[in-house]
Every structure is written in C-alpha cells, then in structure tokens.
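Enquirer: Numbering (numbering that gives the first Met the number 0), first residue to last: 0 to 311.
If you are wondering where the hints come from, they were derived from the structure by calculation, not from laboratory data.
Hints are supplied without guarantee of correctness; some may be wrong.
[Stated by the list, open to error] For each label pair, taking beta carbons as the anchor points, the in silico distance ranges come out as:
no.	residue 1	residue 2	range
1	Asn257	Lys132	31 to 37 Å
2	Lys132	Gly289	33 to 39 Å
3	Gly289	Arg24	33 to 39 Å
[To be verified] Below, a list of computed lysine to aspartate or glutamate pairs in the DMTMM-like style, where the Cα atoms sit at most 25 Å apart:
no.	residue 1	residue 2
4	Lys255	Asp225
5	Lys255	Asp202
6	Lys226	Asp135
7	Lys10	Asp135
8	Lys132	Asp118
9	Lys59	Asp45
The beta-carbon is built from N, C-alpha and C at its ideal position, and this holds for glycine as well.
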Amino acid sequence: MDSNRDIILEKIRNNQAWYEYGTARFRKILSENKGKMQADGTHYYDEKTDRLEQQRYYRKARKHPASGPALFALYHDLVQKTHKNRLPYHVSKNQYLYTWVDLHPDGSVRNIYSGEARDPLAIIQEDHQIGKKRGDHYHSLLQESEISAHQIRAVDTFFKYNTEHIVPQSWFHAADPMKGDLHHLFVCYPSCNAKRSNLPYGDFDFYHPESADEPVRNHCGIAAEDKFEPESGKGTIARAFAYFLLHYPKAVSKSKLNRVNLSLLVQWHEVFPAGLYERHRNQAICRIQGNRNPFIDDAGLMKQLEGCLVKI
0 MDSNRDIILE
10 KIRNNQAWYE
20 YGTARFRKIL
30 SENKGKMQAD
40 GTHYYDEKTD
50 RLEQQRYYRK
60 ARKHPASGPA
70 LFALYHDLVQ
80 KTHKNRLPYH
90 VSKNQYLYTW
100 VDLHPDGSVR
110 NIYSGEARDP
120 LAIIQEDHQI
130 GKKRGDHYHS
140 LLQESEISAH
150 QIRAVDTFFK
160 YNTEHIVPQS
170 WFHAADPMKG
180 DLHHLFVCYP
190 SCNAKRSNLP
200 YGDFDFYHPE
210 SADEPVRNHC
220 GIAAEDKFEP
230 ESGKGTIARA
240 FAYFLLHYPK
250 AVSKSKLNRV
260 NLSLLVQWHE
270 VFPAGLYERH
280 RNQAICRIQG
290 NRNPFIDDAG
300 LMKQLEGCLV
310 KI
C-alpha cells in the first residue's frame, strides 16, 4: 500500500537525520551537561528556582478551587496549552532523553524497570547501531512490490531502542505528539522493553521486588496473566502514566483503558514518592517542552483525580 510506503520513507528520513549528526553531536551535549553538573551542584536540579517556576506555572490553576471533573479540566487545559514545543520522537530520545533529561545525579542512566545503571554514552552508541539496522531493513522493504503494516512493525519490534513509552505506542497508534512526549519516555534496555511489550501494569501476590528477601529474577520484572509488574520504578511509572491520561484523555481506546488498574497506580504513587531524579526530569522537560507533570509537583493530586483519569 502507498500509505505504508510513505511510512517507510518517513522512517528513512528520520534515520538519515540521525546519521547526519552521527553520535558526535550528542556525545558533545552529554559531555557538556555532565561538566556543568560537576561544576555546579544546582545545575542538575535547582530547588529554589523550581519552586518559583512552579508558583508561576500553577498560579492561575490554583486560584480557582475545584474538584472532580472541573479540577481535571483545569489541569488538563494547563498541561495541554503549555505543551508548546512538541518534539518528534527521534529528537526527544536522541537529543534530550539520553543527554540530559533521564540522567541520574551520578551522571548515569538507569533502566526504568530494573534500576540498573549504565553509561549514557553506551546507550547513545547502541541506539545509533540499532537505527542503522532499522534503516537497512527499511530500504530492503522498499524493494518489495507490496509493504504490509505487519512488516513495518516487525522491523521496529525486532530492533528496539533503549527507550520505553510508559503508555505503549500501540495504545495510541504511535501518533504524535504522544510518541515524542518526554514526560512518559524513559531509558529501558531492549530486553526489558520486549518483556513488557504492550501489557498493562499489574501486581502479583507472589512477587515482592521491593523486599530485601526477594531474589533478583530477571533484572526487569514479571510478565504473566496479561500484565507486567516491574522490578523497579513503580512510583515514577505511575506518575508518568497519570500525566498521559491527564494530557491525552482521548488518545487511548476504551478497550485499552479498561485494562488500566488505576487504583494500583495510585498505590504505587503513594508508596514510592517522587525524589530528586523525577524533580530534575520535571524541571528539565518543562524547559524543553513548556509543560510540567503536576503529579510530581503535587503528591495529593492523583488521589483527587482518581475518578476522572480513566473514563470508560
């Protein structure tokens, strides 16, 4: 189909833009950011400045006491209207996520589902090689007389990047601006990405990854019974998922929303509160995209909006 051929051509153009820079540009950005972190302790996260930025950001929203649907509408309008810089996925991932947004205080990046640390430079180089392999396969597909959507998905599925969408791409048809929204993009190794697939988050009675007595099973989590429980990152995941539902209430079909265990996400949010890493991300992303994740800034907001985030 011509539409699938157009999709392939667009993917090739994005890949070429990535190769045009190679890894040198992103290595330079990463090095500069790490240098600034070492030279200035507040560069990673400036609490005083962030407090002032929050006051400005929420000033109008907090002037109008509301609850239920009215409160949801207030915050939805805020995050939607302030999301002014809507980046394509390859820019979000390559230029911002690996070089700054997803860095931890020690300069490493960590698998969202296991907490395992890696050098972000290695991730950048790996993704470049993965992108090259994708590009080769896209060019091969162009030689076919007919190209199916399944063939395109197969390339993307087999050659996964080191990035996870907390809300699976298949749930929103990999459409923009959701695909490139940094608030729900996190470093995740391809093996973990594949293990979670597009499963909803869940909880298993026999699995307690937070317990010191729980053995490390697979450095990722458990996928079974049509759900996935991560080994790490539960609070962060919950807040990112809630942000997506707040910002894009109509992006996910009712059949998919029916699989969301929102009460579990609220529980994760409350048990695992936001820390320095998430506050850094929120401040950094706001300066890039223009909008914030309110569930990081206001710990009580998710419980207030629990009845409005999933409308089936």
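Enquirer: If a hint holds in the structure, say so; if it doesn't, say that too.
Expert: Checked hints:
1. Asn257 to Lys132: 31 to 37 Å: holds, 36 Å
2. Lys132 to Gly289: 33 to 39 Å: Holds: the Cβ-Cβ distance is about 34 Å, inside 33 to 39 Å.
3. Gly289 to Arg24: 33 to 39 Å: violated, 23 Å
4. Lys255 to Asp225: At roughly 12 Å apart (the allowed maximum being 25 Å), Asp225 and Lys255 satisfy the hint.
5. Lys255 to Asp202: holds, 18 Å
6. Lys226 to Asp135: violated, 33 Å
7. Lys10 to Asp135: holds, 11 Å
8. Lys132 to Asp118: Status holds; Cα separation ~22 Å.
9. Lys59 to Asp45: Status holds; Cα separation ~23 Å.
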